[in-house]
Every structure is written in C-alpha cells, then in structure tokens.
Amino acid sequence: MTWSDEGPAEETARILLEAMGGKGGVVHLGGIASNNPAIERLQGLKNALKDYPEVELLAAEPADWDTQKANQVMSAFLTRFGDEITGVHCANDTIAYGVLEALRAEGIEDMPIVSYDGNPQAVGLVAEGKILATVFTNPHWGGGITAALAYHAARGDFKPSEEPQEHREFYGPTIMVTPEDAAEFKASYLDSTPEYDWSDFWGPTGGQIQYK
1 MTWSDEGPAE ETARILLEAM GGKGGVVHLG GIASNNPAIE RLQGLKNALK DYPEVELLAA
61 EPADWDTQKA NQVMSAFLTR FGDEITGVHC ANDTIAYGVL EALRAEGIED MPIVSYDGNP
121 QAVGLVAEGK ILATVFTNPH WGGGITAALA YHAARGDFKP SEEPQEHREF YGPTIMVTPE
181 DAAEFKASYL DSTPEYDWSD FWGPTGGQIQ YK
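Sequential numbering from 1 applies to the sequence shown in UniProt numbering.
In short, the hints are calculated from the structure, not lab data.
You may find that some hints are simply not true.
Across the chosen pairs, the derived CB separations fall in these ranges [said to hold, decoys possible]: (1) F158 - E109: 51 to 57 Å; (2) T193 - R168: 26 to 32 Å; (3) Q43 - A76: 19 to 25 Å; (4) I108 - E195: 26 to 32 Å; (5) T2 - D110: 48 to 54 Å; (6) Q43 - Q208: 14 to 20 Å; (7) T193 - E163: 25 to 31 Å; (8) D83 - E184: 33 to 39 Å.
The calculated SDA-like cross-link candidates involving lysine to any residue, where the alpha carbons are at most 20 Å apart (straight line), are [claimed, not checked]: (9) K69 - R80; (10) K186 - N138; (11) K186 - W141; (12) K23 - K50; (13) K69 - G82; (14) K130 - Q68.
Predicted model, so just to flag it, every value in this text is computed and none were measured.
Glycine residues also receive a C-beta, built at the ideal position from the N, C-alpha and C atoms.
Modelling step: build the complete structure from the supplied sequences, incorporating the hints.
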C-alpha cells in the first residue's frame with residue numbers, strides 16, 4: 001500500500017492555476033530530484049498545465065523537502081523572475097514554509113501557494129488563507145489498515161494470494177484541505193481521530209497502484 005502523488009498534486013495545481021486566473025507564471029519547488037514522490041508531484045503540475053496554455057512554468061528546482069533550502073531557492077526565483085511569478089507549486093508543506101519566509105522578506109503577502117502533506121502547521125496556514133490547499137495522506141489510517149490486513153490474513157479470514165490485484169497493491173485515500181474546510185478537517189483529523197472500520201480493507205482506497 002502506498003499513496004498516489006501525481007493525481008493529488010494535479011488537483012492542487014488546478015486549484016493554484018484557477019487562483020492565478022489561468023494565466024501568468026508558476027514556479028515549482030520539489031523534493032529530492034530522484035525521489036518518486038518528487039517526480040510524481042512535479043508531473044501532476046505538468047499534467048494540469050496542459051489545460052492552461054496561458055500559464056508558463058518558469059522553473060522547477062529541487063528544494064530537497066527542506067525549509068531552509070526552499071527559502072534559498074524561492075529567493076533566487078524572486079531575483080531571477082520578479083513579478084513574472086504569480087503562483088507557487090510546492091512539493092510539500094515544509095517547502096511551503098520556506099517559500100512563505102522568502103516572500104515575506106520581499107513584502108509579498110498575497111502570492112497563491114499550494115503544498116502537500118497536511119501537516120498541522122500547514123492546515124493552520126490554509127485556514128488563514130496563506131496556503132490555498134494541501135493534501136493529507138492520513139498516516140493513521142495507513143498504519144491501521146496494514147496492521148488489520150496482516151492480522152486478518154494471519155487468522156485465515158482471507159487469503160491474500162486469492163485476492164484480485166487491486167486488493168494486493170493499492171493506493172491509500174487522500175484528503176484535499178482548502179480554506180473552506182480547514183477548520184472542519186482540523187477538528188476531525190488533527191484534534192481527534194475518526195472512527196474507522198478496520199474490517200473494510202479496501203473501501204476507502206484510491207484504486208490499484210499504477211506502474212509506469
């Protein structure tokens with residue numbers, strides 16, 4: 001079990017591009033260049049850009065999942081592109097924190113930004129409108145469902161080898177967090193834990209893993 005990065009990253013990109021009015025220049029700050037999540041999250045942005053011909057991808061650079069590195073990369077982007085930048089696509093929340101610091105240093109407070117991971121600090125920034133969206137991958141559900149699968153398989157409740165492929169290799173569910181639902185999300189997933197049916201192994205999943 002893993003999570004799909006490309007699809008949710010495309011969703012955040014579309015939110016960003018719409019906020020930009022479908023035109024302008026976007027920069028992408030990614031993770032470690034060789035990491036599969038970093039590759040897929042950049043591809044998600046590129047997929048969305050196909051439907052927005054008036055938006056230019058000005059640059060895409062790795063920030064190594066690091067706030068300080070992201071601050072440096074974004075500062076360099078601002079020096080290089082200036083007002084051409086009208087939106088920022090971040091591969092994760094810690095990168096977004098560095099981007100926000102770089103923007104504040106230049107007196108920029110209204111730049112559209114999206115990120116990924118659904119960390120508590122980022123959810124707070126979404127609620128404040130400083131980040132347009134982040135993606136939550138729900139590690140609590142991921143850990144619980146893998147333990148439940150192992151337990152029920154060991155008990156003989158089902159045989160993994162007899163299950164269809166989509167039950168043996170699948171994506172976990174993701175949740176898009178936006179300003180409209182950030183408070184409700186925080187109350188449900190960060191301040192408390194939802195009740196899960198641990199016998200519903202595949203109901204909430206995001207489908208079979210796709211290999212490229």
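Okay, the hints, checked on the actual structure:
1. A C-beta distance of roughly 53 Å is found between F158 and E109, which places it inside the suggested range of 51 to 57 Å.
2. Between T193 and R168 the CB atoms are about 27 Å apart, so this pair conforms to the stated range of 26 to 32 Å.
3. A hinted range of 19 to 25 Å for the beta carbons of Q43 and A76 is consistent with their spacing of about 23 Å.
4. Distance hint check: the CB atoms of I108 and E195 are about 42 Å apart, inconsistent with the given range 26 to 32 Å.
5. For T2 and D110, the hinted distance range of 48 to 54 Å is not satisfied, since their beta carbons lie about 36 Å from each other.
6. As the Cβ distance of Q43 to Q208 is approximately 19 Å, the hint placing it in 14 to 20 Å holds.
7. A beta carbon spacing of about 27 Å between T193 and E163 agrees with the range 25 to 31 Å that was offered as a hint.
8. D83 and E184 have their C-beta atoms about 36 Å apart, which keeps the hinted 33 to 39 Å range intact.
9. For the suggested pair K69 and R80, the alpha carbons sit about 16 Å apart, so the restraint of at most 20 Å is met.
10. As the CA atoms of K186 and N138 are separated by approximately 12 Å, the hinted pair is consistent with the 20 Å bound.
11. A distance of roughly 16 Å separates the Cα atoms of K186 and W141; the hinted pair therefore holds under the 20 Å criterion.
12. Taking the CA atoms of K23 and K50, the gap is about 12 Å. The hint holds against a cut of 20 Å.
13. Pair hint K69 plus G82 holds up; C-alpha atoms about 19 Å apart against a cutoff of 20 Å.
14. Taking the CA atoms of K130 and Q68, the gap is near 19 Å; set against the 20 Å cutoff, the hint holds.
Hints 4, 5 from the list above are not met by this structure, while the remaining hints are.
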